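For the protein sequence lines, the chains are A and B, in the order given.
Quick note on the working numbering: the first sequence kicks off at 1 and runs consecutively.
Quick note on the working numbering: the second sequence kicks off at 1 and runs consecutively.
Some hints could be false.
Here are the computed lysine to aspartate or glutamate pairs in the DMTMM-like style, where the Cα-Cα straight-line distance is at most 25 Å [said to hold, decoys possible]:
1) Lys69/B to Glu85/B
2) Lys313/A to Glu326/A
3) Lys69/B to Glu140/B
4) Lys157/A to Asp80/B
5) Lys205/A to Glu269/B
6) Lys37/A to Glu62/B
7) Lys205/A to Asp275/B
8) Lys201/B to Asp267/A
9) Lys205/A to Asp265/B
10) Lys37/A to Asp226/B
11) Lys247/B to Asp275/B
12) Lys201/B to Glu326/A
13) Lys296/B to Asp310/B
14) Lys37/A to Glu269/B
15) Lys69/B to Glu326/A
Residues on chain B that point at chain A, a partial pick, calculated with CB under 10 Å [said to hold, decoys possible]:
16) Leu82
17) Gln86
18) Met87
19) Pro128
20) Ile144
21) Pro145
22) Ser153
23) Ala174
24) Arg177
25) Met258
26) Ala277
Across the chosen pairs, the derived CB separations fall in these ranges [to be verified]:
27) Glu157/B to Asp303/A: 49 to 55 Å
28) Leu130/A to Ala129/B: 42 to 48 Å
29) Leu203/A to Pro263/B: 55 to 61 Å
30) Glu175/B to Leu211/A: 29 to 35 Å
Hints in this document: simulated from the structure, not taken from any laboratory.
Just so we're clear, the structure is a prediction, and the values are computed from it rather than from any experiment.
Every residue gets a Cβ at the ideal spot worked out from N, C-alpha and C, and that includes glycine.
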Amino acid sequence: MADAPPMFEARDLARHFDVSRPLLQRMVAREGRRTLKAVDGISFDIPKGRTLSLVGESGCGKSTVARLAVGLYTPTAGSVRFDGRDLGAARASADQRRRMQMIFQDPYASLNPRWRVKNIVAEPIRAFGLVTTKAEEEMRVAELLTQVGLSPLDGDKFPHEFSGGQRQRISIARALSSNPEFLVCDEPTSALDVSVQAQILNLMKELQQRLGLTFLFISHNLAVVRQVSDRIGVMYLGRLAELAPAESLFRRPRHPYTRALMEAIPDLEMTGRDRIPVGGEVPSPITPPSGCAFHPRCPLAQDRCKRERPEMKSAGGAMVACHAVEEGRDDAMPMPAIARDAA
Amino acid sequence: MSNAAPLLEVRNLRVEFPTRRGTLVALDDVSFSISPGEVLGVVGESGAGKSMTGAAIIGLLEPPGRIAKGQILLDGRRIDNLRYEQMRRIRGKEIGAIFQDPLTTLNPLYTVGRQLTETMTTHLPIGPAEARRRAIEWLEMVGIPAAAQRIDSYPHEFSGGMRQRVVIALALCAEPRLIVADEPTTALDVSIQAQVIALLKRLAREKGTAMMLVTHDMGVIAETADRVAVMYAGRVAEIGPVREVVKHANHPYSAGLMASIPPLDRRVERLAQIDGAMPRLSAIPRGCAYNPRCPKVFSRCADERPDLLDAGTTRAACWLYALEAPHG
Ligand SMILES: Nc1ncnc2c1ncn2[C@@H]1O[C@H](COP(=O)(O)OP(=O)(O)OP(=O)(O)O)[C@@H](O)[C@H]1O
Ligand SMILES: Nc1ncnc2c1ncn2[C@@H]1O[C@H](COP(=O)(O)OP(=O)(O)OP(=O)(O)O)[C@@H](O)[C@H]1O
Ligand code: SF4
Ligand code: SF4
Ligand SMILES: [Mg+2]
Ligand SMILES: [Mg+2]
């Protein structure tokens, strides 16, 4: 993994939002401005041709990282580098924009309802001048639609004539149309049935092997994440809790939050395995707990956890931000059932 | 559970879309029922007609789509032929809808709290102060952190999964007897998902709420549904108890679908997939619509269309289960 130079680097990346109430209400209630730290200092690399996935609770900042990664948000602090060049400094060049594409979480909001599908898919091809003739363009659009399991004849329709999953396939075809090298996929398959999902994931793997694509992948479905990832970052309240090679994360999760997350996975096999939601209250991102943000819910929390924010430190092959792991007392928390079963 | 009189009955439902190039049949001869307290899971290929079935039930088919045949009954009373105003009252009060697309349900110009309180004051005999108190409670129940602080936020200030939870709270807050939920947990992480599922199950158990649960997430189906309907190309391919359909599907399409579920306990080089794509509505094959992709296809499949047949543990629309069919 260390062999290839990183295609993508995030360094101490942060993005804060001002979520203050309107001035008048603030004056009445005598309260100040409020800041929500959606992403608060995270660092990771993705080598060329690899896939890094981000998992974590809803609202922990995954989509915000995705938007930062393709330059849709500017960082409040820190930097993102793509193929060695800083994205923040100047607006991304046309070539950079062609080389990185994003598949959005919400296939409804991301497709222009007034455009025919063929124009939606062809738009990046035109914008970046990737073909010279109309016939070439039509062929390319037909090929892309077929790749994602739609028919070339579907090109004449409008987005509202498609089901949710079909629309997501249109946005995947569009993202692939500019021949990107780096794809940010925010929940790309959660609107798809499992057989189309399998087709799309197989296609992604095949493109990766054939063309060396690099992926930043976001999904709530840990089974899907296991199939596609080389590395996995577990986020909690805007920060990374653990960053580890995919297989070791599933075989030996280290951070207490990672372990808790794995106990909450649905029991598809209907073995009767208990599904345990992560205990305690989901904390407010506006007033996050002191020290380690996970401490109010953590069975291993001690005084130090309330005072001192843990930094990422290497633990085995992984990077973990947890005092208990650092102090070697993480064995007090049992391994989740799915890791026990694998061992 | 199934001996109680059904709360919802869908009989031979057919939905058509007249277009310039001819009439498209989006749903054809769809029948099922749901009893009080029962959860019917609906799964199947993307584009199979799951959302359309839900939209027909709640009376929100998008024109030019229309019910061309069949009936929909709530508590024995037809609701497919009601006028818009009558249906609007039933929706919200008796049927709660959770849509696949949260943005169509939430008004971007109103705060989350206002949308919840207005829904409750419209449908329940309570005043604004009580409604606000309950709104905070509902937001807490669906797992919105710091609900009391965030109730006055606008939808765009929430993450994708948080918006989805607001939609769920909106559908539940008027305490309907039937919930039509289209991908309610897709945008949620596993922990919140577990919490929402537990809430829905509790409503079914304690209040006898019936639910049609459309989802691609087989884990959610396995945990929540009592029975499952598998749809393909506008029809019900198989229907039966959840364990039978998920673990021992009889219809070849259901079997292929279940085989495509990615395993959690190991990494595989290539996931099992069903090759090819579902037919377009304008080109549904003759006979069994699945026949061009079916590994078990035989001569009869290309000529005649199978209806739901008794397949022992489930009912399956497949000629393999006709008495005179050649087996093996
Ligand atoms: N434009 C914005 N204004 C204010 N707050 C925002 C904005 N965008 C995101 N947030 C907040 O930032 C936090 C992280 O949001 P984000 O969308 O990145 O979460 P996520 O991890 O993608 O969640 P999900 O799994 O639900 O999609 C949330 O608390 C959200 O409410
Ligand atoms: N306005 C419309 N005009 C024409 N066809 C439509 C229209 N809306 C939907 N369809 C078609 O009707 C079929 C059923 O769509 P529906 O949204 O019910 O699918 P679904 O099973 O919910 O799929 P998904 O799992 O992807 O959400 C699809 O083939 C779709 O292309
Ligand atoms: S730092 Fe402390 S509170 Fe945080 S995860 Fe580790 S043990 Fe738990
Ligand atoms: S009827 Fe024939 S083609 Fe259709 S599912 Fe059964 S065996 Fe396959
Ligand atoms: Mg998100
Ligand atoms: Mg749908």
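Legend entry - Ascending list of hint numbers which this structure does not respect: 3, 4, 6, 10, 12, 14, 15, 16, 17, 18, 19, 23, 24, 27, 28, 29 and 30
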